[in-house]
Structure formats: structure tokens, C-alpha cells
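So the sequence lines, in the order shown, correspond to chains A and D. Numbered as in our numbering, the first sequence ends at 859 without a single skipped number. Numbered as in our numbering, the second sequence ends at 859 without a single skipped number.
Hints are supplied without guarantee of correctness; some may be wrong.
In this list, chains with the same sequence are indistinguishable; a pair is considered to hold if it fits within one copy or across any two.
[As the list claims (entries may be wrong)] In silico lysine to any residue, SDA-like type, Cα no more than 25 Å apart, as pairs: (1) 652 to 850; (2) 655 to 819; (3) 799 to 714; (4) 652 to 734; (5) 854 to 658; (6) 799 to 730; (7) 799 to 717; (8) 652 to 733; (9) 666 to 824; (10) 721 to 748; (11) 854 to 670.
It is worth saying that the hints were derived from the structure and are not from the lab.
Number of protein chains: 2
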Amino acid sequence: MEIPVVEKVLKLNDDIAAGVRKRLLAHHVCTLNIISAPGSGKTTLLERSFGELREDLNLAVIEGDPDTTLDAERIAKHNIPVVQIETAGGCHLEANLVDNALNNFDLDAVDLLFIENVGNLVCPCSFDLGETCRVGIVSTPEGHDKPAKYPRLFKEADVIILNKIDLLPYLNFDVNVFREYIAQLNPAAPVLELSCTTGEGLDQWIAWLKNMVKT
Amino acid sequence: MEIPVVEKVLKLNDDIAAGVRKRLLAHHVCTLNIISAPGSGKTTLLERSFGELREDLNLAVIEGDPDTTLDAERIAKHNIPVVQIETAGGCHLEANLVDNALNNFDLDAVDLLFIENVGNLVCPCSFDLGETCRVGIVSTPEGHDKPAKYPRLFKEADVIILNKIDLLPYLNFDVNVFREYIAQLNPAAPVLELSCTTGEGLDQWIAWLKNMVKT
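The whole structure should be built from the sequences, with the hints applied where relevant.
In C-alpha cells, the structure reads:
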């Protein structure tokens with residue numbers, strides 16, 4: 645009983661996502677779907693990126709969370725247009741939620757849209773949101789084995805960020821083993837090591853973003 | 645279309661979970677359903693608990709992961725009976741998976757069964773596994789806002805562990821704010837601060853476990 649219905653839900657989502665993609669393309673909006681476990685640093689990464697980007701690009705953010713508007717409030721403090729999607733306990737964003745959220749922006753005044761998905765390494769991977777690129781984040785305290793245990797995100801991501809490298813001295817995290825897992829799953833994906841606390845490595849991420857918007 | 649089917653799935657799971665609970669009770673097995681985000685330290689907490697428990701109690705472990713048997717291999721090194729459930733990308737354990745896994749143990753020779761759920765703060769909360777108690781874990785690098793943003797686990801957990809307190813000096817984690825969120829959601833739940841790296845605070849967890857098995 646369950647599986648055919650799940651397939652219908654996914655097919656319906658894919659159809660809506662195709663419409664979202666067309667809509668974003670028509671307005672020349674580059675859109676990133678940012679996926680990670682809870683607490684990997686998605687919101688902080690956005691906060692740390694605005695300064696370098698806002699002179700050249702018009703930014704906007706969609707925030708997904710099961711509850712609260714805490715993240716949207718953090719973004720709003722930077723005077724970036726933001727819409728919070730509260731999923732009421734739901735474990736991922738879907739394309740129809742994004743489609744509705746887009747009505748709150750003047751899309752002609754947006755060059756780069758960040759969609760911060762619900763913190764979850766599993767479910768968001770199944771739902772296309774109409775994005776240009778998918779960004780996967782892991783933070784060092786989560787352990788170097790995460791790509792092996794939760795492979796789907798790392799197989800499909802266009803770029804992979806290893807965040808919180810400032811904590812490496814205090815952890816048993818083997819960067820080589822981590823990179824080896826990624827190389828097996830997705831050899832083409834760049835792996836960017838960075839720390840939002842110290843700022844180390846953020847320049848690579850900003851360069852990747854600027855190149856992405858240009859192309 | 646979708647919601648009635650989801651309700652049916654949950655109702656079916658609850659019925660199977662009731663059977664699992666009866667089965668475990670008949671064999672006097674105390675069972676913990678351990679839920680957290682990926683990388684909060686579930687497996688390491690088990691590894692650090694075996695030494696203090698194994699003289700008095702017969703232990704067993706069920707490991708849930710979307711892919712690989714990495715965690716089961718870690719447990720097996722300690723000569724504790726372990727069964728791995730690979731969910732093939734699935735985002736949570738369900739009662740029927742646990743029911744099948746129990747066939748691999750001599751339940752009369754088990755006092756305390758740990759079920760390590762798939763690393764996910766959202767979906768596992770909806771699925772009763774027939775457990776005696778639910779354990780919620782957060783680690784300090786995930787941030788003190790997690791109970792507010794992902795409230796369901798923290799509302800329903802019988803005990804809440806704050807892991808990786810050895811990293812507090814390097815983080816902007818406010819333990820008071822974290823405890824305040826928990827107090828609002830679930831004032832009865834004990835909050836145990838500990839570090840599996842240094843061993844600090846593990847004694848409270850072991851005492852809580854031993855008391856749970858006795859009662």
C-alpha cells in the first residue's frame with residue numbers, strides 16, 4: 645500500500661519542482677538547496693557569506709525548520725529578504741512549499757537564493773526543490789564516517805563543505821578518510837574545508853558561489 | 645490522499661510495537677530507543693557504557709543505519725551481541741524491523757537492549773519501537789537552540805543527554821539556555837551533561853541506566 649503512494653508524492657513533487665526551476669530561470673535566479681544534519685552550521689555559513697557577496701549580488705533566503713522562526717530572525721538582522729517555512733514537525737522541504745515562499749520575493753531583484761533545508765541528512769535528498777545546485781555540509785564533530793553511512797547526499801551534491809575545521813585539534817576526525825569516502829561516492833564534487841568561527845577557507849566557498857552565479 | 649495512508653502506517657506500527665513491548669516484557673528485557681542527529685555520539689556512548697554495565701547485566705544492541713555495518717562492527721569488537729538493521733536509505737527504524745531483529749537474540753539472556761536509531765532528529769520520533777524508555781542526545785557543537793527547533797524528541801524523551809561537554813570551551817553553547825528550552829518542553833526529564841571523550845559525567849548516565857533496569 646505505502647510504496648505506490650510515496651512514488652506518487654515524489655512524482656508530484658518533481659513536477660512542481662520543474663515548474664519552480666522554470667520560474668527561477670525566467671528571473672535569472674541562481675538557487676542553492678543546502679542540506680545537512682541539524683547543527684552543522686548552515687545558518688552560520690549564510691551569515692558569514694553575506695558580507696562578501698552583497699556588494700555584487702542581490703541575495704535572498706528561504707529558511708526551513710520543523711518549528712520556530714529563530715533562523716529567519718538571525719538572517720533578517722542582516723537586512724536580507726528572508727521567508728521562514730515552518731514544516732510543523734515535517735522532516736524536509738518540498739517544492740510546493742518553495743513555490744509558495746517565492747511569492748514573497750521580488751524575483752527580478754534576486755540574483756542568488758539560498759534555501760536552507762530542514763536539518764536532516766536523509767529525507768531532504770528525495771525532494772527536488774527546483775534548485776540550480778545542491779550543497780551538502782558536514783561538520784567535523786559529526787565524524788568522518790558520515791558519507792559512508794548517509795551516502796545519498798554526498799553522491800548527489802554539487803559541492804561538499806566540511807565545516808568547523810577549527811575543532812579538528814580536539815577530535816578524532818581523519819580528513820583523509822573523509823575525503824576518500826567522498827572520492828568513492830562523488831569524485832567530481834569539490835570538497836571545501838572551512839571554519840565559520842575563524843573564517844579559514846571561506847574564500848574558496850565565496851569564489852565557488854560567485855563562479856556558480858556567473859555560469 | 646497522503647495523510648490517511650500515513651496514519652494507517654503509523655497505526656500498523658503502533659500495533660506491532662505493542663506486540664514487541666509484550667514480547668520484551670515477557671523476557672524481562674529493558675529496552676532503550678536512542679535518538680539523535682547524525683554524529684551526536686550514540687555509538688560512542690554505548691561503547692563507553694559497556695565496561696561499567698557488563699559485570700552486572702547482559703547487554704545486547706540493535707544498530708540502525710541507512711547504509712554500511714560500520715557501527716555494528718564497532719559494537720561487535722566489544723563482544724556484545726549486535727544486529728545491524730540497514731534501512732536502505734530509510735530515515736528511521738520501525739517496530740517490524742525491530743521485531744525481526746529480536747529473532748537473532750536469546751532474549752532470556754538479555755537484561756538491557758540498546759536500540760540505536762538512524763541519526764535523525766525528526767522522523768524516528770513518530771515510530772514507537774516497543775521500547776521501555778526513549779533517550780534523546782544532543783552534542784554541544786549542534787548548538788543550544790536544537791530543542792526549540794526540533795521539539796518533539798525533547799518533549800517525549802525520558803532522559804536527555806548533552807554530549808561532548810569537553811568541547812564547550814571552543815563553542816558558543818549556552819548550557820543555561822539549553823536547559824531552559826528543555827525545562828519548557830519537558831520539565832520532568834533529567835538532563836545529563838557528559839563527555840564520552842574525557843569520561844566526565846558518565847557516572848550519572850550509568851546510575852540512571854542501572855536504576856532503570858532495576859525498576
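We went through each hint and held it up to the structure:
no. : hint       : result
1   : 652 to 850 : neither (38 Å within a copy, 47 Å between copies)
2   : 655 to 819 : neither (37 Å within a copy, 44 Å between copies)
3   : 799 to 714 : between (30 Å within a copy, 19 Å between copies)
4   : 652 to 734 : both (18 Å within a copy, 17 Å between copies)
5   : 854 to 658 : neither (27 Å within a copy, 50 Å between copies)
6   : 799 to 730 : between (28 Å within a copy, 18 Å between copies)
7   : 799 to 717 : between (32 Å within a copy, 24 Å between copies)
8   : 652 to 733 : both (22 Å within a copy, 18 Å between copies)
9   : 666 to 824 : neither (36 Å within a copy, 45 Å between copies)
10  : 721 to 748 : within (18 Å within a copy, 54 Å between copies)
11  : 854 to 670 : within (20 Å within a copy, 62 Å between copies)
Violated hints, listed in ascending order, are 1, 2, 5, 9; each of the other numbered hints is respected by the structure.
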